[in-house]
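I would like the entire structure built from these sequences, with the hints used as guidance.
Sequence lines, in order, name chains A and B.
The first sequence runs 1 to 404 under the working numbering.
The second sequence runs 1 to 404 under the working numbering.
If you are wondering where the hints come from, they were derived from the structure by calculation, not from laboratory data.
A few of these clues could be false.
As the list claims (entries may be wrong) - Partner residues aside, some chain B positions facing chain A, computed with beta carbon under 7 Å:
1. W52
2. S57
3. E64
4. V68
5. G78
6. I82
7. Q85
8. I87
9. S93
Using N, Cα and C, we set each Cβ at its ideal position, and we do this for glycine too.
Protein chains: 2
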Amino acid sequence: MRIVMKFGGTSVADLRRIRNVASRVRREVAAGNEVAVVVSAMAGVTNQLVAWCQELSPLHDAREYDTVVATGEQVSTGLLAIALQEIGVDARSWAGWQVPVATDGAHGKARIQAIEGAELIRRMARGEVPVVAGFQGIGPDRRITTLGRGGSDTSAVALAAALKADRCDIYTDVDGVYTTDPRIVPRARKLERIAYEEMLELASVGAKVLQTRSVELAMKEHVRVQVLSSFEDVPGTLVVDEDEIVEKELLAGIAFSRDEAKITIRRVPDRPGIAAAVFGAMAAENVNVDMIVQNISAEGTTDMTFTVGKADLPRAKAALAAARERIGYAEIAADGDVAKISVVGVGMRSHAGVASTMFRTLAEKGINIQAITTSEIKVSVLIGAEYAELAVRALHTAYGLDAG
Amino acid sequence: MRIVMKFGGTSVADLRRIRNVASRVRREVAAGNEVAVVVSAMAGVTNQLVAWCQELSPLHDAREYDTVVATGEQVSTGLLAIALQEIGVDARSWAGWQVPVATDGAHGKARIQAIEGAELIRRMARGEVPVVAGFQGIGPDRRITTLGRGGSDTSAVALAAALKADRCDIYTDVDGVYTTDPRIVPRARKLERIAYEEMLELASVGAKVLQTRSVELAMKEHVRVQVLSSFEDVPGTLVVDEDEIVEKELLAGIAFSRDEAKITIRRVPDRPGIAAAVFGAMAAENVNVDMIVQNISAEGTTDMTFTVGKADLPRAKAALAAARERIGYAEIAADGDVAKISVVGVGMRSHAGVASTMFRTLAEKGINIQAITTSEIKVSVLIGAEYAELAVRALHTAYGLDAG
Numbered sequence: 001m002r003i004v005m006k007f008g009g010t011s012v013a014d015l016r017r018i019r020n021v022a023s024r025v026r027r028e029v030a031a032g033n034e035v036a037v038v039v040s041a042m043a044g045v046t047n048q049l050v051a052w053c054q055e056l057s058p059l060h061d062a063r064e065y066d067t068v069v070a071t072g073e074q075v076s077t078g079l080l081a082i083a084l085q086e087i088g089v090d091a092r093s094w095a096g097w098q099v100p101v102a103t104d105g106a107h108g109k110a111r112i113q114a115i116e117g118a119e120l121i122r123r124m125a126r127g128e129v130p131v132v133a134g135f136q137g138i139g140p141d142r143r144i145t146t147l148g149r150g151g152s153d154t155s156a157v158a159l160a161a162a163l164k165a166d167r168c169d170i171y172t173d174v175d176g177v178y179t180t181d182p183r184i185v186p187r188a189r190k191l192e193r194i195a196y197e198e199m200l201e202l203a204s205v206g207a208k209v210l211q212t213r214s215v216e217l218a219m220k221e222h223v224r225v226q227v228l229s230s231f232e233d234v235p236g237t238l239v240v241d242e243d244e245i246v247e248k249e250l251l252a253g254i255a256f257s258r259d260e261a262k263i264t265i266r267r268v269p270d271r272p273g274i275a276a277a278v279f280g281a282m283a284a285e286n287v288n289v290d291m292i293v294q295n296i297s298a299e300g301t302t303d304m305t306f307t308v309g310k311a312d313l314p315r316a317k318a319a320l321a322a323a324r325e326r327i328g329y330a331e332i333a334a335d336g337d338v339a340k341i342s343v344v345g346v347g348m349r350s351h352a353g354v355a356s357t358m359f360r361t362l363a364e365k366g367i368n369i370q371a372i373t374t375s376e377i378k379v380s381v382l383i384g385a386e387y388a389e390l391a392v393r394a395l396h397t398a399y400g401l402d403a404g
Numbered sequence: 001m002r003i004v005m006k007f008g009g010t011s012v013a014d015l016r017r018i019r020n021v022a023s024r025v026r027r028e029v030a031a032g033n034e035v036a037v038v039v040s041a042m043a044g045v046t047n048q049l050v051a052w053c054q055e056l057s058p059l060h061d062a063r064e065y066d067t068v069v070a071t072g073e074q075v076s077t078g079l080l081a082i083a084l085q086e087i088g089v090d091a092r093s094w095a096g097w098q099v100p101v102a103t104d105g106a107h108g109k110a111r112i113q114a115i116e117g118a119e120l121i122r123r124m125a126r127g128e129v130p131v132v133a134g135f136q137g138i139g140p141d142r143r144i145t146t147l148g149r150g151g152s153d154t155s156a157v158a159l160a161a162a163l164k165a166d167r168c169d170i171y172t173d174v175d176g177v178y179t180t181d182p183r184i185v186p187r188a189r190k191l192e193r194i195a196y197e198e199m200l201e202l203a204s205v206g207a208k209v210l211q212t213r214s215v216e217l218a219m220k221e222h223v224r225v226q227v228l229s230s231f232e233d234v235p236g237t238l239v240v241d242e243d244e245i246v247e248k249e250l251l252a253g254i255a256f257s258r259d260e261a262k263i264t265i266r267r268v269p270d271r272p273g274i275a276a277a278v279f280g281a282m283a284a285e286n287v288n289v290d291m292i293v294q295n296i297s298a299e300g301t302t303d304m305t306f307t308v309g310k311a312d313l314p315r316a317k318a319a320l321a322a323a324r325e326r327i328g329y330a331e332i333a334a335d336g337d338v339a340k341i342s343v344v345g346v347g348m349r350s351h352a353g354v355a356s357t358m359f360r361t362l363a364e365k366g367i368n369i370q371a372i373t374t375s376e377i378k379v380s381v382l383i384g385a386e387y388a389e390l391a392v393r394a395l396h397t398a399y400g401l402d403a404g
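Now the structure itself:
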């Protein structure tokens, strides 16, 4: 097998851990695999470098920022290569510009455009382990680019695609993807497999195991991704095409988020163009709107409720205040004390009744639903924040997700 | 004028000092000069990176060492470029591979072969300040190379040659080159100018202001080098071709070193081939021999005295012990308690009597001379270590070097 192994900052935080990573790599090599490694900067290093740039100039040149910040990964690659050689594994480091990992010119948040894999494939075939710097590439200006924070996951997946790897193993500080947060539901189960779409929905509602962009890329390029622990020796979770999941369960998991706030606009005139006026004002301020509910009209006016990210709430309120004349509402109410609960699973496509199970379960617990949105593989509800844990636990049991 | 400004690790040790460097650069730009800057790593950074490589593997791959260690300079270039832009100076960072600074493939101690200066010259002409990473380049294997510790001086001089700069200003923690160490002789004078050859002789006997290789390169390429303080605002010392020194003084300065040890081999057979046997044994052990004295023969044997670096003394003694049969001496005496005093000056070429002044001055102070060597521009004597300060002070006065 050909495998890309990716290790994050906590996995290479000091020399002892770098040696630990080296012995994991050696084990895969000894098992007869062709291995390439992607590493992040040693934990804390990137923060220090970013802080220096910020302190010198809050509005610093992103090209110089990239020059400074990319050094963290370069150090890790060299040190890991030395640690690998020390235990008898043929290895060499590769900076982004050496591979090369070609990106666009958006310094500080670049996107990978192409990775030249031929030379690395040749070297892997003769037993050499390329140790590639994550998070970085080279732009059209021949200068170093970085992919934005957390970009090393994306580097690993893109490299796996370029090398036609059989699997991309992402080593992290959790040992896989769970049906829900085990801190809330002790009987949460680790998933053996999860579909890309499910992973995306779970990530976007708060289960931050993999960077969203890396999952999108894996889905597009059909890269099989495994999430596993760099500290414990247990099987992880495989993120794969839906077709690869034979025993489809109804749900993959339950996610929740307290990062949203609810805005209610009372007594808006119920006429065409009002929704456009309200959400146009939000879009103009770059405020993303998530769930939307509009009440039935009464006496020519209606109430409109929607959610925005909590951080965007002040801007959203200011934009609505400025547009008051144009929209013509009576008053605005904002509520940050809400939680969004989402049940996610590709099994929904072929099973009816997922939403009704959700609503019934919440009703039985006396939990009021304030808003609902659905997609093909997800149902989300907005409830009072105080009910979040209760709701997640009840749903976890109701959908039969509890372990053993 | 076109100027290369070089700042060492203590000059860019923290953000405050980097800002200080930026304002010095701005001053030169504001004065109408075209400026390129060469920087070292922030003080302490390189030591940390070297220590990590050492700890992972004492016999680490020099190519990986270079990958790791070269990041220190890359960070400095990016931070200084940001600091320059922040105060309105157009600047950009350049890693060795970007310029490119082509070196040979001797990783860890590479030598610069060529610097491509055309693009930098173009950019300087339109007011941009290139901030170039010292100490690094790119090898024939397209991997990062480093020049060996202290190589940034050499980077600066090589860049000045490639850019046809009018001057290479080396900013350091001393404010120039003195007639001797001011800690020993308070009346030591700062030299306005010194010839390359003099600088080389002074450097090689202990006045470590500039890296020897950088002075050799400056001499070969006719680069005018100025040594000056990055903390004080005073004129420094110009290191130039001998021809540029109109008012040649007899001496440039007096150097001393306690880094040598004296070895005396007693009662060696006085026959051809003995010197070859002794110094062949030294050469085989890579021990550099400096001063050599051979006494007049008596009864077919002679005493032979020479000096080696103190650090080499154990190896030198072991080599002599091993070669005892072949050489056939009676006994060996070693003395580490010696000092070498050197008077240096291109003026010696046209003035007789320099050596005799030295011998007379030392004799007047009752200081016994144990060995002598001379070159065209230098006279060195070996004396008891306890007399070192006395000798330097007496000679400084005797040659008229004392300040007003």
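Verification of the supplied hints:
no. : hint : in the structure
1   : W52  : holds, 6 Å
2   : S57  : holds, 4 Å
3   : E64  : holds, 4 Å
4   : V68  : holds, 4 Å
5   : G78  : holds, 4 Å
6   : I82  : holds, 5 Å
7   : Q85  : holds, 6 Å
8   : I87  : violated, 9 Å
9   : S93  : holds, 5 Å
Checked against the numbered hints listed earlier, the structure breaks hint 8 alone; every other hint is satisfied.
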